[in-house]
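Engineer: So the sequence lines, in the order shown, correspond to chains W and V.
309 is the number that the working numbering gives to position 309 of the first sequence; each next residue is one higher, with no gaps.
Counting the second sequence from 1 gives a position; the working numbering is that position plus 1000.
One should not assume that every hint holds.
To be verified - Lysine to aspartate or glutamate pairs mimicking EDC-like chemistry, simulated, CA-CA at most 16 Å apart: (1) V/K1132 / V/D1160; (2) W/K136 / V/D1188; (3) W/K136 / W/E181; (4) V/K1241 / W/D139; (5) W/K372 / W/D361; (6) V/K1324 / W/E181; (7) V/K1324 / W/D177; (8) V/K1067 / V/E1057; (9) W/K136 / W/D176; (10) W/K154 / W/D139; (11) V/K1241 / V/D1188; (12) W/K136 / W/D158.
No lab work stands behind these hints, which were simulated from the structure alone.
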Amino acid sequence: MTLLEVNDLSIRYAVEDADVHAVDNANFTVDSGETYGLVGESGCGKTTLAKSILHLLDSNGYIESGEMWFDGTLPQWEDGNGNPRKEIIDDDRYPVRADGMTNLAELSDSQIRDIRWREVALIPQSAMNALNPVYKVGDQIVEAILRHEPQTTKREADERARDLLERVGIDPERADDYAHEFSGGMKQRAVIAMAMACNPSLLIADEPTTALDVIIQDRILEELEQIQEEFGVSILVISHDISVMAEICDRMAVMYGGKIMERGTRDDIFRETANPYTLGLKNSFPTITQKQQQLVSIPGSPPHLRDPDPGCRFRKRCPFAVEDCERSHPPMYDVASVEETGRLQEAMDDRRHGSACYRTDELDEIRTKAMKEETWKETATQSH
Amino acid sequence: MTRISGKYLAKRLVVSYLTLLLIMTLLFALIRSAPGTFIDSMISPEMTRAQVERIREVWGLNEPLWKQYLNFMINYQTGEFGRSPTWRVPVWDLILRRMPRTLILFGASYIIAYLVGPLVGMYLGWWRGTQKDKTIFGTSLMVYSMPAFWLAWLFIWFFDYEMGWLPSAYMMTQFPEFEWTAFTVMTDVLTHIALPLISLSCIGWVGAMLIMRPSMNNVVDEGYVFLARAKGLDERTVMIKHAARNALIPVATGAIVGLAFLIDGAVITEAVFTWPGMGQILVEAVLNNDYPVTQAAFFMLAVLVVGMRLITDIAYTYLDPRIKFGEEN
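Start from the sequences, fold in the hints, and give me the full structure.
Structural biologist: Now the structure itself:
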């Protein structure tokens, strides 16, 4: 069942005289109970995309266009079962459509606050600094509970907070401690516990492992999986680390320069890799499972996205770029049907394996060449 | 959970006490090194040598200096401040009468400054870079750079001389014609305190704001402010409970420094408004070489600052749980 359906989402940042196209026409769907990954280099728009779901962009950022249909709605629009009431669905003034999904993009500031944490919890990139140093950790969880469930007593909320801490492996007694008395891994787990305080249906984890050492990283990933099993929550995980993604994601989207370059299941992305950018990204990360000769990085750096030209965002670093790539950014092609028919066919369903590349019909050749180190070196000399 | 141990508190008290002893010694040395003594004003050319000697004897100036110092130190620690040769009353009485007046005026302006300053600083830091921020910040900087006494003169000229709305001198009407009731006295004092209080407050709050604004600016991008917002809290709660609460920590330090500056201003402001407080007798006492009063006045100010420091240190541990005093690791 669909939990979040993002349609043609574009996000801009207004800077002095231009617009930064942080996210451009993004389409993807997150199902209930699954882990969906957004992967890409820094500055590719993945954090922006995640923040925009809850309208948490910086003040100069705005949603230019697009929809974010979410299965969950405001408390005041709900009937007894947590679904939107019929008169709300029928009334055109409310951004709720017939199947009960609510368009988060159209909610006002005060409305989205009721969605935050209650329906969608976000663990920020700097989760280590996300705990307020002057309040007890337990009280900060209690604050979230009381915000969304005002009928709960303080004592109940406090008990729940301790219970949540225990579930992520923190001694409930530590609820009375301050953040500086926690280790890095504990802080991260405390924020995860806090995220589950209101039993949200979607948990966004922005770089959940980045600042942690490898052993703690592994534990946090386990923690997330366990939480998902226990609460049945969907997780939207954001990382630049493709190996983290390989470990926990059911499906994922690879982003580059504000565009989704490739999306599909984990196997689609890792075994049937169809996009030159994903191939390059894979080359630059070590894997434990496969024998790999050497790490090869993609030469160059991501584009600036300030009023970008219409061509493919990746073409300047792409060893496979052709003339077509200059003209416009490629649409998402359905990889399976391209391979079947040999003709480029645009993807109609964003759950199917898709790749934004004009040469999707020459996949075999691209895959073979991408394995070779020289291929990536050549681009470097070409572009200079 | 106690964040401050008894042992630490005891240590701090001892240090504060030693600080006061040191200040007293300095005070003694400084005052004795000034030219002349207070009996100069009691001596006239017609007096005989014996008479002068007698006066010296009575005021204890014939004792050797080390004995005078010892007496001074012992007397002060037993609460004995001596008699004022200028005002002819026990110094303690003089202080008891004068100190509350100073505290009323400067306590009130201190409270106003540290209520308004952090509050304005909080909003400016939150709205950083906006037109509102720039306008208010620019204006307050302009006010801040005006000399306090000059601003006071402006107020006196306008409110008293031109408009006649508010009195500009003394604490009360000097020869009152109104009936002496609690209400009339209160109103009378309030109208008299208005001008000095306004001119002190006009400038005083800016100092606190200048600390709060950048401090607030530093915390608005903190992870916990973002998280507070992500939790669905409204902007007001995020600003006050999560951002400002953290930004206040450096302001507490500024408050101690601010206190010293306020006392500094007492001398001038009391002179401008003929406010019958400590600042006024301090000036007179220094001019008259009145050792007992000068020593006592400076001593009281020192007690105030040292005492406030102690209180602020304790308050700090409650303001910032990361600070623990006296805990051994």
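Engineer: Would you mind marking each hint as holding or not holding in the structure?
Structural biologist: Hints, one by one, checked against the model:
no., hint, in the structure
1, V/K1132 / V/D1160, "violated, 33 Å"
2, W/K136 / V/D1188, "violated, 49 Å"
3, W/K136 / W/E181, "holds, 10 Å"
4, V/K1241 / W/D139, "holds, 12 Å"
5, W/K372 / W/D361, "violated, 20 Å"
6, V/K1324 / W/E181, "holds, 12 Å"
7, V/K1324 / W/D177, "holds, 13 Å"
8, V/K1067 / V/E1057, "holds, 14 Å"
9, W/K136 / W/D176, "holds, 6 Å"
10, W/K154 / W/D139, "holds, 10 Å"
11, V/K1241 / V/D1188, "violated, 40 Å"
12, W/K136 / W/D158, "holds, 11 Å"
In the structure shown, a violation is registered for the earlier hints numbered 1, 2, 5, 11, in ascending order.
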